[in-house]
Amino acid sequence: MTVELRSRIPEGPLAAKWERHRSEIRLVNPTNKLKHHILVVGSGLAGASAAASLAELGYDVSCFCFQDSPRRAHSIAAQGGINAAKNYQNDGDSVFRLFYDTVKGGDFRSREANVYRLAEVSARIIDQCTAQGVPFAREYGGVLANRSFGGVQVSRTFYARGQTGQQLLLGAYQALSRQIGARNVRMYPRSEMLDLVVIDGQARGIIVRDLVHGAVSAHTGDAVVLATGGYSNVYYLSTNAKGCNVTAIWRAHRRGALFANPCFTQIHPTCIPQTGEHQSKLTLMSESLRNDGRIWVPKKKGDTRPPNQIPEDERDYYLERLYPSYGNLAPRDLASRRAKQVCDEGRGVGPGGQGVYLDFRDAIARLGRPVIAERYGNLFEMYERITAENPFDVPMRIYPAPHYTMGGLWVDYNLMTTVDGLYAIGEANFSDHGANRLGASALMQGLADGYFVLPNTIGDYLAQAKLAKVGPEHAAFRQAQAEVAAQVRRLLDASGRKTVDAFHRELGRLMWDKCGMSRSGAGLTAAIERIGALREDFWRNVYVGGKGAELNQSLEHAGRVADFFEFAELMCRDALHREESCGCHFREEYQTPEGEAKRDDARFAYVAAWEFTGVGKAPVLHTEPLAFETVHLSQRSYK
Amino acid sequence: MRLTLHVWRQAGPALPGRFVRYDLSDVSPDMSFLEMLDVLNHQLLGRREEPVAFDHDCREGICGACGMVINGRPHGPQRATTTCQLHMRTFPDGAELWIEPWRARAFPVIKDLVVDRGAFDRIIQAGGFISVRTGGVPEANTVLVPKRDADLAMDAAACIGCGACVAACPNASAMLFVAAKVAHLGLLPQGQPERGPRVVNMVSQMDAEGFGACTNHGECMAACPKEISIDFIAQLNRDYWKAKGAA
Ligand SMILES: Cc1cc2nc3c(=O)[nH]c(=O)nc-3n(C[C@H](O)[C@H](O)[C@H](O)COP(=O)(O)OP(=O)(O)OC[C@H]3O[C@@H](n4cnc5c(N)ncnc54)[C@H](O)[C@@H]3O)c2cc1C
Ligand code: SF4
Ligand code: FES
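Protein chains in written order, with my numbering: chain U, 1 to 639; chain G, 1 to 247.
Excised from the complex, chain U in its bound form:
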């Protein structure tokens, strides 16, 4: 296969690109829109906003999700907030500053033009959501309130208590529901996409398993939009919902879509530490807590005194010490890595020494308990429910955990993948966050893609694509359908003795150790070998149970883990090839004397986009060089 990476970045000055592009791209005649059937896979912020907006424009839309209702997509769990360059605080914020912060925060591994567009449309997202009735937090005067988030020095984050993702998603879900009620969108809940169908180089449909009855069916369309979220669950333990997976984008990758920067995975600094082997997921404590909480560990190794008995001068507020101008609001990658470091030094707290304190004592003294309760009440309650400790009395214990994946399908400026007519939006694509995402930027990106970018750019393709008429009886659909059915049978026929969950845990532990917060050439090489062996063992030794023609949760999980096994290898290969440290990707061999990430711009200022060549076969690397014309390449400093 010859693949050409054409980013299709419009000409002209950065600030004028998007407006110009919008006025130059081709439009679909209103009466023709209804003739175009668009398949949107995913109903999170990206998918729901896209499906609703496309239907409003007049397209014929089908939308799929694996949960029982589109309202339950994983976006619902986002707590902290959403960024927008409104400059309501008059603190010097602007589109340019949001753009700049995001490029720098991403450690210079994202595409300037995309990021600028994101910053540009951010303000309209807040307008849109407010008009939908999203109950954002407000000041006494009735205007919208803001808070600050890690990695920036302005206050530009909008929020709805600790449930921002929930409220934004419900806004998008309601817009989608309106279109479903008006019969402009057909909604398929409890439906999982298991393959992509490509005919003559164009994405023409998907193969879906109905999770209630087990029927495998074909859906044809003129374009396919993947809004299927991130793949942090490759680590088994993550802050993601249990169902989050790589299946949809991995299947698309196998059908020709290049996968970009798979090793860029974000480890979030503030999660509740693991308590035992039984643990099925990790819970995030919103980063907004770092606004008022102070992070510290004892200065002495192995200090087992209760936190309240450790005097002030025996505490190490290490983020404030290392990054005086950002302090506890240092970006996520730095905050996580430093936490690991102090724990590795033996100064960690709590069971197993895998934790650091996030202390509200000073904030409570300064602002009073009611203010803290108003800001973080529900988070404190959640913490207490899980740990049986009250953060008003004792500091929280936190530890980093896998959280977000910057990598994803490679897309051009129009958000189209390397397969014509196949789009990827939201966390499923790679485009805007480079090697590290700033807090409150994922919600912004998902909604920017779904409300404002894709509905404009998809028309450019549909207006000119020559689309032959294809139906589900086409040989390509039949074959893909048969392959999916065969994979289901193969999983059910495997009659080993290990559960799917056990395999998933094992893979997860390996990925966390070798391709997690810090990585090394030797570790990654070993991991690649081990993954291959584990994958073989999986197919020989797994036991799934149950039948195919019914609700079978073990079978759903098995399919996802099978894909994680193939994907994990790509992730390690990407991490191995990138012989530099940047953002979240920390290669032990490449660091500054102070232990910061050491980029190698001469060799690696590019997007790594991988081509699939077969399971267990070395993938082919394609690169998209990144040009930094506006923000000059510099060593990131938060000191």
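Just so you know, these hints were derived from the structure itself, not from any lab.
Mixed in with the good hints, there may be bad ones.
As the list claims (entries may be wrong) - Residues from chain U that keep clear of chain G, each with C-beta distances beyond 12 Å, as calculated:
1) 26
2) 28
3) 155
4) 189
5) 320
6) 479
7) 509
8) 522
9) 577
10) 629
As the list claims (entries may be wrong) - Computed footprint of chain G on chain U, listed as stretches where at least three residues anywhere in the stretch have a Cβ under 8 Å from a Cβ of chain G:
11) 47–59
12) 113–127
13) 131–139
14) 234–248
15) 385–392
16) 542–548
Remember, predicted model here, so these are calculated numbers, not experimental data.
Built from N, CA and C at the ideal position, the CB exists for glycine as well.
Since the structure of chain U is already known, use the hints to place chain G with the ligands on it.
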């Protein structure tokens, strides 16, 4: 911890179901309720038996997927807590637990503890939204909203659509769920233009789905993991009769 479980097993919607007894040991008090069921399923698979089906996703108390009746109480004994956030330390060692699905005509059982809550989606589709298109909306701060109203709207909007209120109600009424959405949108200036038709359409869809009538038992609020207040039901009734009177 040791536990005796009686779990409702039902292979399909039209098939009869029954309680099946399982004895479980090695349960840690730090486990969540769903992690305890994971342990059970792990053991069942080891014995080549079918695992118990139950809905779940976020396991953080926010997606609304999980939910089962535990010893007669939707989401179990702890106040304001979803099943996924309920921890085993809430129960004494040796506890006997009866675990069953939401029971309501409008929520047919799909399998074991999994029910079909599509009726909730259809109620929202009937009117639980503000009709704005993407783009073409006013700048966010041009419409001021008193903090009190915004906070109250947020209280109502916190509903996670789990269905515990229906399961708790002797009439299997969906009033609390519907009232929460009606109140959330009705408390905001943006929701005013459609306030009347919204409540009428949502209530009529609720009736069509086969939910029962509200007779003010208040069980819904006691079971609700987000502590949605029944005051919102009174508000719904006022809005409803006002809209009906106007029609
Ligand atoms: C705990 C937590 C807190 C967060 N807090 C914040 C925050 O405060 N601010 C912020 O900006 N970001 C935050 N994030 C990140 C942000 O929530 C996500 O990146 C974002 O919501 C992803 O949205 P999405 O639409 O791309 O995907 P998702 O919301 O994950 O939706 C994926 C959709 O795809 C469907 N799907 C997946 N696979 C398939 C398949 N094979 N077939 C059919 N359907 C499929 C699912 O059913 C679902 O509908 C947080 C993330 C977590 C985990
Ligand atoms: S009102 Fe409460 S119990 Fe009812 S669906 Fe909403 S959150 Fe669940
Ligand atoms: S699993 Fe999401 S609320 Fe319980």
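Going through the hints against the structure:
no., hint, in the structure
1, 26, "holds, 19 Å"
2, 28, "holds, 16 Å"
3, 155, "holds, 15 Å"
4, 189, "violated, 7 Å"
5, 320, "holds, 29 Å"
6, 479, "holds, 31 Å"
7, 509, "holds, 17 Å"
8, 522, "holds, 34 Å"
9, 577, "holds, 34 Å"
10, 629, "holds, 30 Å"
11, 47–59, "holds (count 4)"
12, 113–127, "holds (count 3)"
13, 131–139, "holds (count 8)"
14, 234–248, "holds (count 3)"
15, 385–392, "holds (count 3)"
16, 542–548, "holds (count 3)"
Consistency note: the structure conflicts with earlier hint 4 alone.
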